[in-house]
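Work out the full structure, taking the sequences as your base and the hints as a guide.
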Amino acid sequence: MDWALYSDLFLNFQKVEQRYIPFWVSSAIVNVTIVSCQVGYDYVAQVFNPITKRMEWQNLTEWQYIYELPLTFQKSYRGDMEIMQHYASKKYPIKYINKLRGDFVNNSVKWNDSFLFDNTKSDGKKRRKLDLFEVSPEDAVKLAWKEINKNEYYQAETFLKEHYGADKVRFLKINCEPVSLRISPLYVPIYVFKTNFINSDFHTFVNANNGKVSGVHHYAFQYASLITAGASLFYWFFTEQNFTSQFFKFGFLFRKLIFPTVLVGLLTLFFPHILKFYYERQLYYEKMKAFAKEQQAKQNGNRTYRKRWNYEWVKPLSEENRRQDYYEEQVRNKNHREQQKQQTKRSFWSSWRDTYESSSKNTNNQYNNYSHASTNTRVNVNDLKLYKVLGVKPTATKEEIQKAFREKALKTHPDRFQKAEEKEKAKEQFQEIINAYTVLRD
Numbered sequence: 001m002d003w004a005l006y007s008d009l010f011l012n013f014q015k016v017e018q019r020y021i022p023f024w025v026s027s028a029i030v031n032v033t034i035v036s037c038q039v040g041y042d043y044v045a046q047v048f049n050p051i052t053k054r055m056e057w058q059n060l061t062e063w064q065y066i067y068e069l070p071l072t073f074q075k076s077y078r079g080d081m082e083i084m085q086h087y088a089s090k091k092y093p094i095k096y097i098n099k100l101r102g103d104f105v106n107n108s109v110k111w112n113d114s115f116l117f118d119n120t121k122s123d124g125k126k127r128r129k130l131d132l133f134e135v136s137p138e139d140a141v142k143l144a145w146k147e148i149n150k151n152e153y154y155q156a157e158t159f160l161k162e163h164y165g166a167d168k169v170r171f172l173k174i175n176c177e178p179v180s181l182r183i184s185p186l187y188v189p190i191y192v193f194k195t196n197f198i199n200s201d202f203h204t205f206v207n208a209n210n211g212k213v214s215g216v217h218h219y220a221f222q223y224a225s226l227i228t229a230g231a232s233l234f235y236w237f238f239t240e241q242n243f244t245s246q247f248f249k250f251g252f253l254f255r256k257l258i259f260p261t262v263l264v265g266l267l268t269l270f271f272p273h274i275l276k277f278y279y280e281r282q283l284y285y286e287k288m289k290a291f292a293k294e295q296q297a298k299q300n301g302n303r304t305y306r307k308r309w310n311y312e313w314v315k316p317l318s319e320e321n322r323r324q325d326y327y328e329e330q331v332r333n334k335n336h337r338e339q340q341k342q343q344t345k346r347s348f349w350s351s352w353r354d355t356y357e358s359s360s361k362n363t364n365n366q367y368n369n370y371s372h373a374s375t376n377t378r379v380n381v382n383d384l385k386l387y388k389v390l391g392v393k394p395t396a397t398k399e400e401i402q403k404a405f406r407e408k409a410l411k412t413h414p415d416r417f418q419k420a421e422e423k424e425k426a427k428e429q430f431q432e433i434i435n436a437y438t439v440l441r442d
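For the record, in the sequence shown the residue sitting at position 404 is 404 according to my numbering, with numbers rising by one throughout.
One or more hints might be untrue.
Claimed, not checked - Within a straight-line C-alpha distance of at most 30 angstroms, the following computed DSS-like cross-link-like pairs (lysine-lysine) qualify: (1) 393 / 403; (2) 425 / 411; (3) 99 / 289; (4) 150 / 90; (5) 385 / 427; (6) 150 / 212; (7) 393 / 423; (8) 385 / 129.
Said to hold, decoys possible - Distance ranges between label pairs, derived from CB positions: (9) 185 / 400: 31 to 37 angstroms; (10) 164 / 75: 18 to 24 angstroms; (11) 153 / 439: 42 to 48 angstroms; (12) 291 / 201: 21 to 27 angstroms; (13) 432 / 64: 33 to 39 angstroms.
Hint data in this document are derived by calculation from the structure and do not stem from the laboratory. Just so it is clear, CB atoms sit at the ideal spot from N, CA and C, and this is done for glycine as well.
Here's what the structure looks like:
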């Protein structure tokens, strides 16, 4: 199709661009388990109303538990599904680009540099524009997984309503576990039509593969005003008393006819501008958020330790550390409070005597520890092995032991390995690290 001729005759667009926009296309196989839920059945019954002191009909719901749970299903998500296609740039508002999604994935071919040039031109040198990927693969996987969970929650509700003949579902809990998840980059060819309306540029997008169209809709404000005026006259003619006598009064005409007609016309005229401003601000905030995230990632990359672990891997370890720290803090606070109570009950001389005795005992203990240090280091061979497992010195502090434990646990966690042999070996090493930390942390 000759797009220049079409735009001149019908669309009156000022400019047409041929452009490739990036997409992340995902495909997955997931196991979905419905863990628990309640189904509700609506019915009508008479209930006593304490305010009116009467029996009144009300809509009620009877809730029942499902005892056949859990139910497990395996679902597959293909790349030609719209929820598995995610716009990977931030040049245009995502609200418009999402309407171009569809089955164009089935017609994809391997990229060739010749696609960048328009062969329909006589010189063949017109270059098509190419947008860059601004969304990372990790973020694209998170978006795809979020869409999968959202879709499975909706499908689980629909399945329960149809299977049990229920009207409502509540307390629904599902677990989605990925069996396989793949993601691929894809460039989609589109036409971008640009037009100027009241000193503001608007874009219309056309998918060059499946022909889908998206963009801001412009409505005829003249027709909207005429319809509003006709509807106002029709309404007030049947509802207003003495309509004929008041029709020729300016106040009546202004309030009942002129004001609503002008208001609807202006809203219809400037609605595309309002919508465009909203989408542009939303796109600006998304860019600023992505920029801040990138800067934070650069700062974290300059540190000595690594921060790019998935939270699912380190979550059990971090929760265990928080519980242990909380327990130790509670014990320290309890001991401190007991010591404060005991010190307030003692007299000056008894507290002085206790202080003197404790200081003498500490001196003797330090002397004994110093005299038998070499013997203990030779005898406690098992402790040295535990220190060696964590990769720290026997003189390491508690903080150094905790830090070494976290690093070792992250490197040897069984979930990081795919093969069965490597996973079994990692389990043994992981268990040795946990046992060593359990002994040395005290």
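Each hint tested on the structure:
Restraint check for residue 393 and residue 403: the C-alpha separation of about 13 angstroms stays at or below 30 angstroms, so the hint holds. Simply put, residue 425 and residue 411 have alpha-carbon atoms about 13 angstroms apart, close enough for the 30 angstroms limit, and the pair holds. For the hint linking residue 99 to residue 289, the alpha-carbon distance of about 24 angstroms falls within 30 angstroms, and the restraint holds. Restraint check: the Cα-Cα separation between residue 150 and residue 90 comes to about 23 angstroms, which is no more than 30 angstroms; the hinted pair holds.
Taken as a hint, the residue 385 and residue 427 pair is honoured in the structure, with Cα atoms around 19 angstroms apart against an allowance of 30 angstroms. Restraint check for residue 150 and residue 212: satisfied, since their Cα atoms lie roughly 25 angstroms apart, inside the 30 angstroms limit. Only pairs whose Cα atoms come within 30 angstroms are accepted, and residue 393 paired with residue 423 is accepted, the gap being roughly 28 angstroms. For the hint pairing residue 385 with residue 129, the CA-to-CA distance comes to about 62 angstroms; that exceeds 30 angstroms, so the pair is violated.
The hinted range of 31 to 37 angstroms is not satisfied by residue 185 and residue 400, whose Cβ atoms lie roughly 43 angstroms apart. For residue 164 and residue 75, the hinted distance range of 18 to 24 angstroms is satisfied, since their beta carbons lie about 20 angstroms from each other. Remark: the range hint 42 to 48 angstroms for residue 153 to residue 439 is upheld by a beta-carbon distance near 44 angstroms. The hinted range of 21 to 27 angstroms is satisfied by residue 291 and residue 201, whose Cβ atoms lie roughly 24 angstroms apart.
Separation of residue 432 from residue 64 is about 49 angstroms and departs from the stated range, judged on CB atoms against 33 to 39 angstroms.
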